[in-house]
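Engineer: The primary structure of each chain is shown beneath.
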Amino acid sequence: MKLDNIYKEEKKSTFAKLSEIIITMASRPSGLIGLSILVFHIILAFISPYIAPHDFKAIDPTLMLQAPSAEYWFGTDDLGRDVFTRTILGGRTALTITFFGSLIALLWGGLLGIFCGLVGGKIDDVVMRIVDAFLSIPWILAMLLIVSLLGTSTEVLIPALGFFYGKGIVRVARAATHDVIAKDFIVSARARGHSNFSIIWNEIIPNVRDAILVEGAMRWSWMLLGFSSLSFLGFGVSPPTPDWGLMISNARGLMSFAYWAVIAPIVGLSSLIIGINLTADAFAKALGIDRSTKAPV
Amino acid sequence: MTDIIQKVKNLSIGFRSKKGEEILILKNISTNIKKGETVGIVGESGSGKSTLALAMMGYVKHGLYTIEGECQFNSSNLLKMKSKDLEKIRGRKIAMIPQNAGQALTPNLKIGYQIDEALQLHSDLNEKEREKKISELLNKVRLPSPETIALRYPHELSGGQQQRVAVAMALAGTPDLLLLDEPTTGLDVTTQAHVLELLNFIAKDTGTSMVYVSHDLGAIAQVSDRIIVMYSGEIVLEGPSRDILKRPIHPYTHGLLKSIPKLSLAGLPESMPGSQPQPGTIQSGCSFFDRCNFSDENCKNNSPKLEFLKDLNTSVRCFNYEKLVNESQASQTVNKIKNKSQDQEILNLSEVSISYAKQKLLDQIFNRISDDNPTVKDININIKKGETIALVGESGSGKSTILKSIAGLLRTKDGLIRFDENRNLSSDLKERDPNDLRIIQLIFQNPDESLNPNHTVEEIIAQPLKLYFGLKGEELKKNIIDLLQKVRLGEFYTSRYPRQLSGGEKQRVAVARAFAAKPDIILCDEVTSALDVSVQAAVLNLLQQLKEDFGTTYIFVSHDLAVVRAISDRVAVLYQGRLCEVGPSNDVYKFPSHPYTEVLLGAVLEPDPDIKPKLVAEDIVEERPPEKGCSFQGRCSRIVGDICKKEIPPWQLTDSGNAIRCHIPIKELQKEQF
Chain A
1 MKLDNIYKEE KKSTFAKLSE IIITMASRPS GLIGLSILVF HIILAFISPY IAPHDFKAID
61 PTLMLQAPSA EYWFGTDDLG RDVFTRTILG GRTALTITFF GSLIALLWGG LLGIFCGLVG
121 GKIDDVVMRI VDAFLSIPWI LAMLLIVSLL GTSTEVLIPA LGFFYGKGIV RVARAATHDV
181 IAKDFIVSAR ARGHSNFSII WNEIIPNVRD AILVEGAMRW SWMLLGFSSL SFLGFGVSPP
241 TPDWGLMISN ARGLMSFAYW AVIAPIVGLS SLIIGINLTA DAFAKALGID RSTKAPV
Chain B
298 MTDIIQKVKN LSIGFRSKKG EEILILKNIS TNIKKGETVG IVGESGSGKS TLALAMMGYV
358 KHGLYTIEGE CQFNSSNLLK MKSKDLEKIR GRKIAMIPQN AGQALTPNLK IGYQIDEALQ
418 LHSDLNEKER EKKISELLNK VRLPSPETIA LRYPHELSGG QQQRVAVAMA LAGTPDLLLL
478 DEPTTGLDVT TQAHVLELLN FIAKDTGTSM VYVSHDLGAI AQVSDRIIVM YSGEIVLEGP
538 SRDILKRPIH PYTHGLLKSI PKLSLAGLPE SMPGSQPQPG TIQSGCSFFD RCNFSDENCK
598 NNSPKLEFLK DLNTSVRCFN YEKLVNESQA SQTVNKIKNK SQDQEILNLS EVSISYAKQK
658 LLDQIFNRIS DDNPTVKDIN INIKKGETIA LVGESGSGKS TILKSIAGLL RTKDGLIRFD
718 ENRNLSSDLK ERDPNDLRII QLIFQNPDES LNPNHTVEEI IAQPLKLYFG LKGEELKKNI
778 IDLLQKVRLG EFYTSRYPRQ LSGGEKQRVA VARAFAAKPD IILCDEVTSA LDVSVQAAVL
838 NLLQQLKEDF GTTYIFVSHD LAVVRAISDR VAVLYQGRLC EVGPSNDVYK FPSHPYTEVL
898 LGAVLEPDPD IKPKLVAEDI VEERPPEKGC SFQGRCSRIV GDICKKEIPP WQLTDSGNAI
958 RCHIPIKELQ KEQF
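Residue numbers (the numbering used here), protein chains in the order written: chain A, 1 to 297; chain B, 298 to 971.
Chain A on its own, in the form it takes in the complex (with noise of 0.2 Å):
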């Protein structure tokens, strides 16, 4: 039995499984580079309120538009206040609305894509068809509609933000599924009589998963940068709310002489943006790779 040592591979608890995807995402300069900015981010989002120098939202005539010093790292903006506290305050509404947002858009879009693939036939034409009509419809120009309508909080945004970005998944999701419902393993499924929820949930998300979260993943930056632009708008957060948006759309007019109050919240939107594209790309790859450098040669 030489054979065994080579085909041995323990059945791993999900953790051992997620901390090994992690390790292997670290072990390529893209992958790091994009984790590390990520949980640069993260981290900064729960500790800032408690680092923050001066108050995200005192006004101070006296100090308007004050160049970078060494007491306003980031110099002010033209009510005199802080834009290094409000830079660092500035991405935890908008990474907290939109990664519940893209929770809700994987579930729904992913279920409903699987759904559709799996069953096929009428139902499959008349849900894609609507789904269809859906993508064809501006998004913002509907979440402008539903802001005025409901408002601007969380409650609101949240569940919008998850409908219009969950429309892309059900796609991938029911491509993902049209992979694999061909194979004689559901066949098989079917053919010995099990219902269609045990179907999904045991045959067919184990072999999509990995499709529809990096899917997931990508979608989360696209959410955040849509959510800035609503922002910029008026309407996502409303103010004093620290946030990069609303930063960027407050300070642009007065960019030719007090580029800093609008270049901070740029860089660090587009930071936390391509740190998430990076992480969606290496967790694509180390997932792939786990599939073909895992099986024995």
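No lab work stands behind these hints, which were simulated from the structure alone.
Hints are not guaranteed to be accurate.
List of simulated lysine-lysine pairs, PhoX-like, C-alpha gap at most 20 Å [unchecked claim]:
1. K331/B with K183/A
2. K304/B with K122/A
3. K122/A with K655/B
4. K607/B with K620/B
5. K769/B with K710/B
6. K331/B with K304/B
7. K657/B with K122/A
8. K543/B with K681/B
9. K655/B with K701/B
10. K437/B with K377/B
11. K783/B with K763/B
12. K710/B with K657/B
To list a few chain B residues with every Cβ distance to chain A over 12 Å, as calculated [said to hold, decoys possible]:
13. D502
14. S538
15. L609
16. F616
17. E648
18. K681
19. I737
Glycine included, each C-beta is placed from N, C-alpha and C at the ideal position.
Following the hints, put chain B in place on chain A, whose structure we already have.
Structural biologist: Frame of chain A, contents of chain B only:
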């Protein structure tokens, strides 16, 4: 020695593992290909045969690299050549014919255009000459009316025709050496025989050397002058084809030939235990050691060298070949199967027809199927308890379709499926109750697809146990281990994933899963055709053993007549979804038989250079069954007149109880076929 055109010298190809070890795929291979010679390279999957063939073209797969040695063609080493120089050789001097021509041809270019491309690259002919050459080439590969074929797209041709086009393209550059990588593996039996005959003709006609790579000793026997047997990256036996097939002096080849089911012998062939070692596992000793019946201590510790035996003109890598020199291959032992079928009927199909036609809106609304000429029609079969019945036919004969309907996966148009003499089974899954679903289980062709890659063996086998018997905890675990032992797998397999198992092991898990439901009937859909020959025999033996233990009934679908001969009690031959012949397997394999059965039997390739396939009918592929008359009228060589085209032939009984559906009286059939 100017007649050697390809010289492989001490070639080792391998890859580096993650830990930095060198793992060899090919180990120190040396061989010569002579001018005008056809060399067959045979071996199981993973033996390195394709890697060797590709290296002969100067190509090493991505991820692999040449560790040492060379492939000399016209005294230059192909493996060190620049890609610009290689381009001049590939196609012009060495051409390759791929396994799946359907995938190798560009789908959106016409056949003529694709051949013309090859001609432009590899010859200096002008447009007029090329035009002439295209029809010449298509004529040479015996395609009917070359002018119209040249204007068609690949999807408009049948598999056999596509393969012929691939041969024509390879010949476009008038190469000195043709490499064929499993060129007939995906084809139907009759088509395969025709393509091999064509290759033989081309080898003689053009004097091209050929290297024929295949796992199928039957095909190799028909084409090659010399055979190289590979095992685990090494040449274990090399010599004249007749000697190797008649008197294999290496234990591996010996066992391989024994494990192939033969048409002339009923019963299951002996199987070879174990499987080929994974690359990089064997450190010392002979790589075939643990599967060998002739091994001793010496084999365990020392690896044998390839030894050239002058009197036999053969090279062999074995210490104990002398034990085999005097033993002839004819002493094949088979485990005769006992027909244990009882008189009680277990499944009855009466007047079953199945249609794939797209239904009109009105029919859709009323949820009915209307089709005057359904894909499968008038199937009447009585299956007895404990019997193994085989459905045989080429692809498109409707054999898998019938299986799907029995399993409840495909709605029938008409007819009844009756279980146990009194219970009607619906062909719609939703209308069957759980017990109806339990009594019929399926085993699929390809275990890679039929086992969920993200489930462990335990989870896979647990599915039916949980579903039908509601087992949990300890009891579930105990049952799983029981089942694993029944299919000869140990307890330690429970935590493995399918990707960690070999093909044979995967198929055993699939068998265990089917038996977990304690079914009365198991539907086997080409269960051995994705497996290596030595593994195939083992799986067949296992199925037979389980059947004897449990009294299960098998419905066995296969295109391989020799396998069917080995395992089945009764055979039903299908053509275009219509039954042609039904009878006990001993009688179906004897004449007189239906003209279609005759064609199938004639096309079987035996690993014996003396038994040539008989090509009775054309290998045309019919899209749809004929509307009227006999289903086989389009290809039959014994057509008796208008009656075949107008009337459905009657069932006739032979003396031995074999039913044949033909207009020709049995006595005349007998006269003509003898």
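Engineer: Evaluate each hint against the coordinates.
Structural biologist: Against the structure, the hints:
In summary, the hint linking K331/B to K183/A is not supported, as the alpha carbons are separated by about 45 Å, beyond the 20 Å threshold. Restraint check for K304/B and K122/A: not satisfied, since their Cα atoms lie roughly 62 Å apart, outside the 20 Å limit. Annotation: proposed proximity of K122/A to K655/B holds, straight-line Cα distance about 15 Å (limit 20 Å). Using a Cα cut-off of 20 Å, the hinted pair K607/B and K620/B holds, with the two alpha carbons roughly 17 Å apart.
Taking the CA atoms of K769/B and K710/B, the gap is near 40 Å; set against the 20 Å cutoff, the hint is violated. Of the pairs offered as hints, the one joining K331/B and K304/B holds, with about 9 Å between alpha carbons and a cut-off of 20 Å not exceeded. The hinted pair formed by K657/B and K122/A meets the criterion: a straight-line CA distance of about 15 Å does not exceed 20 Å. Proximity of K543/B to K681/B is assessed by CA-CA distance (about 40 Å); at most 20 Å being required, the pair is judged violated.
Between the alpha carbons of K655/B and K701/B the distance comes to roughly 18 Å, so the proposed pair stays at or under 20 Å and holds. For a cut-off of 20 Å, the pair hint linking K437/B to K377/B is broken: about 35 Å separates their Cα positions. Taken as a hint, the K783/B and K763/B pair is honoured in the structure, with Cα atoms around 19 Å apart against an allowance of 20 Å. About 14 Å separates the Cα atoms of K710/B and K657/B, which keeps this hinted pair within 20 Å; it holds.
The Cβ of D502/B lies farther than 12 Å from every Cβ of chain A, with a closest approach of about 42 Å, so its non-interface assignment holds. At roughly 32 Å from the closest C-beta of chain A, the C-beta of S538/B stays outside 12 Å, upholding its exclusion from the interface. No Cβ of chain A approaches the Cβ of L609/B within 12 Å, the least distance being about 33 Å, so the stated non-interface status holds. For F616/B, the requirement that its beta carbon stay farther than 12 Å from each beta carbon of chain A is met, with the minimum near 21 Å.
With a cut of 12 Å on Cβ distances, E648/B stays outside the contact zone with chain A, its closest approach being about 23 Å. Every CB of chain A lies more than 12 Å from the CB of K681/B, the least distance being 23 Å, so the non-interface label holds. At roughly 8 Å, the least C-beta separation between I737/B and chain A is not larger than 12 Å, which violates its mark as non-interface.
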